[in-house]
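Q: Please model the entire structure based on the sequences and the hints provided.
Protein sequence lines correspond, in order, to chains D and C.
Start counting the first sequence at 65; every next residue gets the next number (the numbering used here).
Start counting the second sequence at 7; every next residue gets the next number (the numbering used here).
Hints are supplied without guarantee of correctness; some may be wrong.
List time: in silico PhoX-like cross-link candidates among lysine-lysine, alpha-carbon distance up to 20 Å [as the list claims (entries may be wrong)]: (1) C:K107 <-> D:K161; (2) D:K225 <-> C:K119; (3) C:K131 <-> C:K107; (4) C:K222 <-> C:K81; (5) D:K128 <-> C:K222; (6) C:K213 <-> C:K130; (7) C:K81 <-> D:K124; (8) D:K165 <-> C:K222.
Source of the hints: derived by calculation from the structure; they are not laboratory data.
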Amino acid sequence: MRKYFLFILFLITAGSLFAQYKSVADKSGFNSRFTVASAKMNSIASDFTQIKNLSLLSEKITSKGKFYFQKDDKVRMEYISPYQYLMVINGPKVMVKDGEKTNTMSSKSNKMFQQINQLMIDCMRGTIFENKNFTTRLFEDGNTYLAEMTPVASQMANLFKKVNVILRKSDFTVSQVQMFEPSGDYTSINYSNQKLNTSLPNDLFSIK
Amino acid sequence: MTYSALNKKSLNHLSITIIAVLILISCAPKTYKNLQSLNGNAVCISEFLPKYDRVLYRTTVDVAGNHLSGILLIKEMPDSSTRLVFSNEAGFKFFDFEFSKTGDFKVYSIIRKMDKESVKKTLKKDFQLILMNKPVNHLSPYRFKAQKEDEKYYAYHEGKDYYYYITNKDCTSLLRLERGSSTKKVTEAILQLQKDGVPESIGIQHKNFNFEIILKRIEENAEQ
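A: Written out as structure tokens, the structure reads:
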């Protein structure tokens with residue numbers, strides 16, 4: 065009974081996340097403003113806090129780190145606390161370091177990874193509505209846009225029921241990504257202390 | 007978000023190789039045939055039972071040259087069941103298992119790539135070994151007839167599977183855990199306990215096969 069209660073509580077909480085959002089009528093206006101804002105943006109350096117919510121266990125696992133993006137297709141996501149984990153995307157190449165081992169691979173060899181990779185880059189480049197792997201609905205509140213992205217392909221839908229990307233209206237930067245699993249668990253990544261267009265060393269994105 | 011797919015290839019191989027483990031088990035050496043039963047009970051084992059109230063482990067799985075990493079949460083629930091949830095570092099969940107208070111095993115979720123009976127069965131047995139969740143009155147003491155006289159074996163079995171908790175001669179120190187049949191060793195596990203009873207690290211190694219799971223406790227900050 066307790067489990068059902070927690071589940072209902074989760075649904076109410078999850079529902080309230082979107083309660084204040086309303087649908088955006090002028091999608092093309094959003095698109096053009098997003099594209100203009102993205103064109104001015106060459107790099108991002110920010111902190112992030114990731115919270116994995118295990119709904120039925122009423123449990124949260126929090127991790128923190130640094131995020132870097134360099135136009136056009138370079139991403140570094142570095143988990144620092146409470147564990148260390150590094151992922152670097154540089155064009156088609158991907159490197160993962162899990163503390164003990166480093167794996168390098170090509171996203172071209174993995175269709176699913178290619179799709180996820182593309183989603184991440186689209187969020188930064190302002191091209192999420194051009195992504196054919198998701199159907200996207202757009203909402204807004206006073207300060208943010210919420211792009212609700214639902215996977216089209218079943219392979220991706222097995223992993224994610226939907227992915228919400230929340231963008232700041234002021235500069236179209238991503239403030240939060242929420243990933244909802246079919247099981248009801250979800251993970252949110254909050255980006256903070258964002259610094260735009262600073263000079264980022266190439267080493268951050270080097271893949272050996 | 008992005009990184010679940012990174013381990014896809016590894017997971018494919020993981021499934022295949024875990025299935026292969028079951029075939030190779032039959033080639034394992036006869037380890038336990040010289041064990042003889044002893045009088046007495048296994049009460050002394052109570053001292054070594056790990057306490058997994060709520061603990062996170064940095065986890066690596068190496069199987070036949072493939073590498074997989076993630077975070078394992080072990081949590082004791084209010085109904086005294088134990089949940090084991092394994093996700094990758096970015097939060098994507100691989101599986102969610104439960105051992106009930108009485109030791110019954112339940113799979114809440116598992117990703118499709120790992121959703122094979124042999125994989126689930128192997129992981130269930132590996133976790134059952136390290137949880138040491140069998141009441142000690144189900145265990146019986148044994149000793150080897152001639153060799154290894156400095157070790158004592160406390161064992162129980164479920165069907166054809168035997169679970170061994172191995173201590174020093176006086177049962178004042180837990181040396182390792184093993185699983186196998188009544189004659190053959192399949193898996194060996196080492197728990198490094200801390201004073202609070204939570205294992206600091208755990209190593210699970212399958213014999214005669216390159217399959218190893220390493221768990222290292224993650225210390226979380228107070229704010230988390």
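Q: Looking back at the numbered hints, which does the structure fail to meet, lowest number first?
A: The structure conflicts with hint 1 only, although it agrees with all the remaining ones.
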